[in-house]
Amino acid sequence: MAKLLKVKNVAYYYTAEGTRIRAVDGVSLSLPAGKALGLVGESGSGKSTLGKLIAGLLKPQRGCIYFAGERIEGKMLPSIQYVFQNSTAALNPRMRVKNLIEEGLIIQGKYRRQQRINRVLTALKAVGLPETLLYRFPHELSGGQKQRVAIARALIMDPRLLILDEPVSSLDVTAGARLLALLKSLRQEKHLAYILISHDLAVVRQVCDYVAVMYAGKIVERGKVEQIFSSPGHYYTKMLLSAHPSPDPKRRCLPKIIGEPVDPSHIPAGCRFHPRCPQATFACSHRPPAFFEITPGHLVACHRTQTQIF
Amino acid sequence: MEAKNAGNTEFLIGISLIIILSALALLAPLLAAHDPYETDAQNWLQPPCKEHPFGTDRLGRDIFSRVLYGARVSLAVGTLSMLMSVAIGFLLGMAAGYFGGVLDGLIMRFTDIVLVFPSMLLVLTLVAIFEPALWLVIFVIGGTGWPGVARLVRGEVLQLRTKEFIQSARMLGANHFRIMLYHLLPNALGPVLVAATLSVPAAVMTEAGVSYFGLGIQPPIPTWGNMLRGAQLYLRHAWWYAFFPGLFIFLTVFAFHLTGEGLRKQLGLTRVRRRG
Numbered sequence: 098m099a100k101l102l103k104v105k106n107v108a109y110y111y112t113a114e115g116t117r118i119r120a121v122d123g124v125s126l127s128l129p130a131g132k133a134l135g136l137v138g139e140s141g142s143g144k145s146t147l148g149k150l151i152a153g154l155l156k157p158q159r160g161c162i163y164f165a166g167e168r169i170e171g172k173m174l175p176s177i178q179y180v181f182q183n184s185t186a187a188l189n190p191r192m193r194v195k196n197l198i199e200e201g202l203i204i205q206g207k208y209r210r211q212q213r214i215n216r217v218l219t220a221l222k223a224v225g226l227p228e229t230l231l232y233r234f235p236h237e238l239s240g241g242q243k244q245r246v247a248i249a250r251a252l253i254m255d256p257r258l259l260i261l262d263e264p265v266s267s268l269d270v271t272a273g274a275r276l277l278a279l280l281k282s283l284r285q286e287k288h289l290a291y292i293l294i295s296h297d298l299a300v301v302r303q304v305c306d307y308v309a310v311m312y313a314g315k316i317v318e319r320g321k322v323e324q325i326f327s328s329p330g331h332y333y334t335k336m337l338l339s340a341h342p343s344p345d346p347k348r349r350c351l352p353k354i355i356g357e358p359v360d361p362s363h364i365p366a367g368c369r370f371h372p373r374c375p376q377a378t379f380a381c382s383h384r385p386p387a388f389f390e391i392t393p394g395h396l397v398a399c400h401r402t403q404t405q406i407f
Numbered sequence: 040m041e042a043k044n045a046g047n048t049e050f051l052i053g054i055s056l057i058i059i060l061s062a063l064a065l066l067a068p069l070l071a072a073h074d075p076y077e078t079d080a081q082n083w084l085q086p087p088c089k090e091h092p093f094g095t096d097r098l099g100r101d102i103f104s105r106v107l108y109g110a111r112v113s114l115a116v117g118t119l120s121m122l123m124s125v126a127i128g129f130l131l132g133m134a135a136g137y138f139g140g141v142l143d144g145l146i147m148r149f150t151d152i153v154l155v156f157p158s159m160l161l162v163l164t165l166v167a168i169f170e171p172a173l174w175l176v177i178f179v180i181g182g183t184g185w186p187g188v189a190r191l192v193r194g195e196v197l198q199l200r201t202k203e204f205i206q207s208a209r210m211l212g213a214n215h216f217r218i219m220l221y222h223l224l225p226n227a228l229g230p231v232l233v234a235a236t237l238s239v240p241a242a243v244m245t246e247a248g249v250s251y252f253g254l255g256i257q258p259p260i261p262t263w264g265n266m267l268r269g270a271q272l273y274l275r276h277a278w279w280y281a282f283f284p285g286l287f288i289f290l291t292v293f294a295f296h297l298t299g300e301g302l303r304k305q306l307g308l309t310r311v312r313r314r315g
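Protein chains in written order, with the numbering used here: chain A, 98 to 407; chain B, 40 to 315.
Since no wrong hints were added, every one of them can be taken at face value.
Straight line, CA to CA, 20 Å or less: simulated SDA-like cross-link-like pairs of lysine to any residue:
#, chain 1, residue 1, chain 2, residue 2
1, A, Lys132, A, Leu279
2, B, Lys202, A, Met173
3, B, Lys202, A, Asn196
4, B, Lys202, A, Ser267
5, A, Lys172, B, Ala213
Hints were generated in silico from the structure; no laboratory data involved.
Since we're looking at a predicted model, the values are computed, not measured.
Chain A extracted, bound-state conformation (with noise of 0.2 Å):
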């Protein structure tokens, strides 16, 4: 199949109080037109920058970025629309809903008025919104009504991309939960491909076909929903899981957290995870791992899975 999106050997540093981060460095992973990626990692991971790099807010210092066959490193394009994690700052608080879903088209300067206006009430439709709305600053919304709002502003552009950056985590349980179903048929409806970044595994489980779990700034797990959440192959990935206590007792004996996210400025050697790993042997400290498939489609950069294997 044709891949929408593919990202190769991307890296993205910035100097922040003398010291070099490595926010993004080398990755790669690709996504076929309407599906959905969720890239998983704690904060810090280097998950909402790579969202950002691909959607063209930042541009990389090395590797390519490709969409539907262009490159496209540092370019906006209105086929991928980015929604930000925070809707409240995210919407201009000056500007009325209507205003604000409809000002891209008034950038596009493609339709008329009248078209302009039957296009926001679409949209407004789509994500669910009742058109009382319309006239409404962001400030007499809810944190739902919000990121629905920020949703439509991105529909609006008709993106074949979405890229949502943490879309539930600012929202309580039963609103988050609404907005998943919304973000599901949304995703049927309009054929669109989603990035969704989260540190919430439970969020990416309903929504995703493919997970990305990303540490310090690599990815070291990646591969299909049900790969990732039956047989979990880096201890990293086995770790985030534990996270979320599973009601099944045969499943609750996940190893729990330890330790702390690596400091960005100070990237251990060798396995980027291998001072938190209880798994660690000499080779970890030492050479970083390359991926390794351990079934078909589902890539794992961990020493340990390749010996367990062989």
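Based on these hints, arrange chain B on the given structure of chain A.
Positioned in the frame of chain A, the structure of chain B alone reads:
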């Protein structure tokens, strides 16, 4: 946390005073019982009476009428030079804050240069070179009053430009102009409104000062400043001659400050630095 209606009373008193003063100025021809230029040799330096509520000056002119006509000059200078300062300040502050880098450095150094010129001195110099006229006073006060606004706008824009809604607009393909006009300007407006309100009394005072020196708008056109100048010799004999123009200067400055402070409290802003 300040109460929700903090500054409301101040704002209301201030704005009502401004409205009354503006109405007096605009309706001067209807309200004034006498021609402000009409002299009356018989009734010079009359104390306030029924015929002349504020008395008459040394040429027998009605001070009430002259104060009303003087309000036109003062308020015109105040508001027009304020608009000019705000326009220049907004443009330069926005450009400096938004584009940053070399342009920011250039604009802000230029701002510092203008900031060190006392506008009073500049008005005096220019008026000495050119013919004293209303437009000149407005231009000079407006042309030297903008650095405060520019700094304020730059600061606001620096803070706003990293906000996610700016990035979000960029994602939709918004150009610099659109981002500045629709996203930065409306959000930077609050503090500028306060600064603009507070710059009006400063301009009124400068105009009155220049006229008092006899270098501003020239007699016989009545302004509060040149009326005070005329009253100088008669302070001991005719208190009303200096009192009423002075009272109106005071009321105007007071009204705009009250409004500005009220606005500041309502918008929940910290004290704004302004130029005197």
